[in-house]
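There are 2 protein chains.
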Amino acid sequence: MSKTIITNGVFLTLDETQPVIEKGSMVIENNQITYIGDAPPLPLEQYDANIDGSNKLYMPGLVNTHNHAAMSLLRGFGDDLALQVWLQEKMWPMEARFSAEDVRWGSLLSILEMVKGGTTTFVDMYDHMNEVARAVEESGIRACLTRGVIGLCPPDVQDAKLAEARQFAQDWHGKANGRITTMMSPHAPYTCPPDYIEKFVQAAHDLQLPIHTHMSETAREVQDNVDQYGARPVAHLAKLGVFSRPALVAHAVHLTDEEIDVLAQYDVRVSHNPGSNLKLASGVARVPELLRKGIKVSLGTDGPASNNNLDMFEEMRLAALIHKGVTGDPVAVPAEAALRMGTLDGARSIWLDDVGALKSGMKADFIALDIDQAHFYPKTNYISHAIYSASANDVADVWIDGRLIVDNGECLTLDQEKILFESQRCFERLVGQL
Amino acid sequence: MSKTIITNGVFLTLDETQPVIEKGSMVIENNQITYIGDAPPLPLEQYDANIDGSNKLYMPGLVNTHNHAAMSLLRGFGDDLALQVWLQEKMWPMEARFSAEDVRWGSLLSILEMVKGGTTTFVDMYDHMNEVARAVEESGIRACLTRGVIGLCPPDVQDAKLAEARQFAQDWHGKANGRITTMMSPHAPYTCPPDYIEKFVQAAHDLQLPIHTHMSETAREVQDNVDQYGARPVAHLAKLGVFSRPALVAHAVHLTDEEIDVLAQYDVRVSHNPGSNLKLASGVARVPELLRKGIKVSLGTDGPASNNNLDMFEEMRLAALIHKGVTGDPVAVPAEAALRMGTLDGARSIWLDDVGALKSGMKADFIALDIDQAHFYPKTNYISHAIYSASANDVADVWIDGRLIVDNGECLTLDQEKILFESQRCFERLVGQL
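Protein chains in written order, with my numbering: chain Z, 320 to 753; chain E, 320 to 753.
No false leads were mixed into what you were given.
Think about it this way: if two alpha-carbon atoms lie no more than 25 angstroms apart in a straight line, the pair counts; the simulated DSS-like pairs of lysine-lysine are:
hint : chain 1 : residue 1 : chain 2 : residue 2
1    : E       : Lys737    : Z       : Lys698
2    : Z       : Lys698    : E       : Lys409
3    : E       : Lys342    : Z       : Lys737
4    : Z       : Lys322    : Z       : Lys342
5    : E       : Lys737    : Z       : Lys375
6    : Z       : Lys409    : Z       : Lys480
7    : Z       : Lys342    : E       : Lys737
8    : E       : Lys698    : E       : Lys375
9    : E       : Lys375    : Z       : Lys737
In short, the hints are calculated from the structure, not lab data.
All chains, please: the whole structure from these sequences, using the hints.
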């Protein structure tokens with residue numbers, strides 16, 4: 320049993336008993352944190368490794384609760400367009416050409432960016448999910464994966480897709496030393512007929528898995544749902560039984576007070592995607608109200624093509640900033656709340672109870688920021704610095720499941736040069752086919 | 320006469336005839352760009368230095384048009400508060416204790432962060448401005464400096480402050496090889512009585528200098544102006560003659576249609592500070608309308624205590640994102656417009672006609688981003704990547720006035736270790752005195 324101790328670090332613990340430890344120590348044994356506190360519990364010579372944490376800010380790894388990682392291949396391909404135009408004219412025609420190989424390299428490109436930027440767990444909803452799972456396995460990252468199914472197709476194709484989604488969820492749940500969990504995902508109420516959504520609900524019950532879906536991202540989509548099904552998306556999904564399973568919905572921008580109450584009642588988790596919602600002009604989610612109602616709100620980047628990066632520090636900062644500016648309330652989402660959304664509540668939103676805080680008994684998923692830089696001076700308030708001043712590039716070291724994945728900015732598990740080369744090659748082939 | 324050529328680079332020129340050069344060359348002679356184009360104009364051996372620009376994205380240096388640099392000493396000291404509370408209870412009591420030495424180290428801390436992050440020109444409005452000017456001189460950055468005067472004081476103190484502001488503006492205009500220009504600055508309509516503002520207008524006329532001031536940052540301030548002076552800030556300042564001089568106003572969040580017309584009519588330049596306006600819950604400026612009326616809109620970070628960093632890539636991205644999300648128009652501020660606001664229109668907003676574009680005859684103020692990173696792949700659209708994917712930490716090299724100031728992430732002109740140490744020492748002394 321290998322024992323590592325980190326000393327002299329600043330720790331943002333996400334543990335209410337001692338949220339900030341200014342000059343602390345943390346012990347990692349195998350894939351767990353077994354101690355965190357002010358002083359080393361044992362003499363330093365009794366550890367297998369002793370890491371000097373001076374000038375580092377340690378915090379839980381970031382949890383990105385909504386992504387379509389392989390869409391990194393389309394980063395910058397079609398900006399400044401409305402959601403439906405962007406999807407129908409730019410994304411879907413290119414994505415229709417995605418092979419398993421494209422998904423492999425696009426996912427690896429995103430995972431490389433995520434781990435280097437401090438994301439230690441991500442949710443992915445896409446196609447060719449075996450490739451995504453293999454990329455997760457190789458890279459050492461933690462992930463909650465799900466085949467996102469668009470059901471606008473003949474019944475036999477629908478059935479095949481559902482069977483594939485079921486198979487994937489069964490095959491990979493608990494794999495990669497438990498780093499992979501799975502969900503069932505009808506893509507959205509506007510891309511899946513009601514009876515098809517009900518089949519996903521049944522499958523989720525059968526497999527005892529949660530459901531993940533897009534919901535109420537744009538005003539138009541909400542109106543279309545009313546026009547087509549006579550109900551807004553929340554009532555529609557509730558009626559179809561989606562919330563009878565543990566559920567994570569992405570976006571939830573356009574909600575009424577009553578809908579917020581329904582989400583709270585069913586303990587539905589919301590993945591807030593501020594960057595993507597702004598970029599696609601979808602609007603600003605009612606996050607302060609969601610938080611007031613006790614709903615678990617986490618943060619997602621959405622796919623890299625609508626963001627256009629996977630910097631979770633940026634999402635935490637946007638979450639802290641935009642709701643202040645839009646509501647006029649300077650404490651609408653304080654720095655502490657944004658930090659929690661990006662870490663502990665992210666993990667809880669995907670039912671990981673032992674991830675998202677630096678605390679004895681938690682999984683050793685944590686990151687270290689290099690704080691010996693001008694934008695982290697003076698040393699006034701480390702939570703403020705992490706939320707209002709930091710960016711992905713400040714991340715020096717990343718540990719996931721007790722393993723060092725990024726060391727002083729270098730990813731130890733992935734071949735960066737090859738991934739950049741192959742992702743460029745994939746994009747050029749895809750564009751050439753258009 | 321030294322001649323340097325950069326080859327094989329990607330160039331964002333901000334020149335409409337060829338906005339992006341994919342594999343280009345640029346020649347710098349002394350402090351000027353003398354050539355930019357697809358191929359080197361002369362055989363490479365005829366240059367004194369030949370820089371390989373492969374895997375670099377070159378663009379004009381960023382222009383930060385509103386800052387109080389020394390407030391970096393208060394970064395993280397009082398977040399998540401309303402503007403007036405934050406100013407009156409946190410900032411002003413600490414700032415009242417600022418000595419010339421504090422301003423020196425706070426300014427150097429900010430300049431270090433700015434140059435490393437790609438800002439080559441900044442506007443600074445503060446006190447102890449001789450220290451700021453000396454820090455500009457030492458560091459090699461370009462700046463437009465102004466003593467910001469709060470006039471809520473007895474007449475003799477008012478007179479002394481005005482005289483000091485005049486003297487500073489005269490002493491430093493055109494200094495540091497022309498890198499320093501100056502302005503006259505009554506701090507704001509709510510901190511300067513009308514007759515005092517008129518004295519600044521007269522001084523600006525006497526010295527033939529522009530005027531810089533805060534204006535219409537919060538709704539409360541606008542209402543107070545109406546209550547106290549019977550007019551909203553734009554009419555108030557117009558009446559006092561402020562717009563009879565070339566003028567740059569910071570914030571301009573709360574404007575009516577008529578006020579926008581008045582600003583357009585007087586060619587008043589607006590420094591949009593999206594990060595600060597969101598953080599202090601001041602609101603969202605009507606930038607799309609300002610742009611439609613042809614008003615020159617540039618970007619400012621505001622002081623580091625209300626941001627809390629000086630990353631101009633973040634301000635460009637916020638400018639591109641928030642107006643889409645808030646107006647529901649996905650092309651409200653396209654990437655190209657945000658890029659222009661952060662570079663060329665920033666320079667024009669402070670009357671620098673030979674800064675802000677990569678073009679023959681322009682000053683050699685430019686930066687290089689390391690684009691051999693995951694978040695810049697695939698290579699689809701470089702303007703998109705610069706606005707939606709980049710951050711300050713991606714900046715590798717910075718040239719200002721033809722001089723290499725930052726080389727592969729290291730600032731060649733400033734002593735980082737000393738600046739970090741001294742700024743921490745200053746903060747601790749200031750807090751100890753509270």
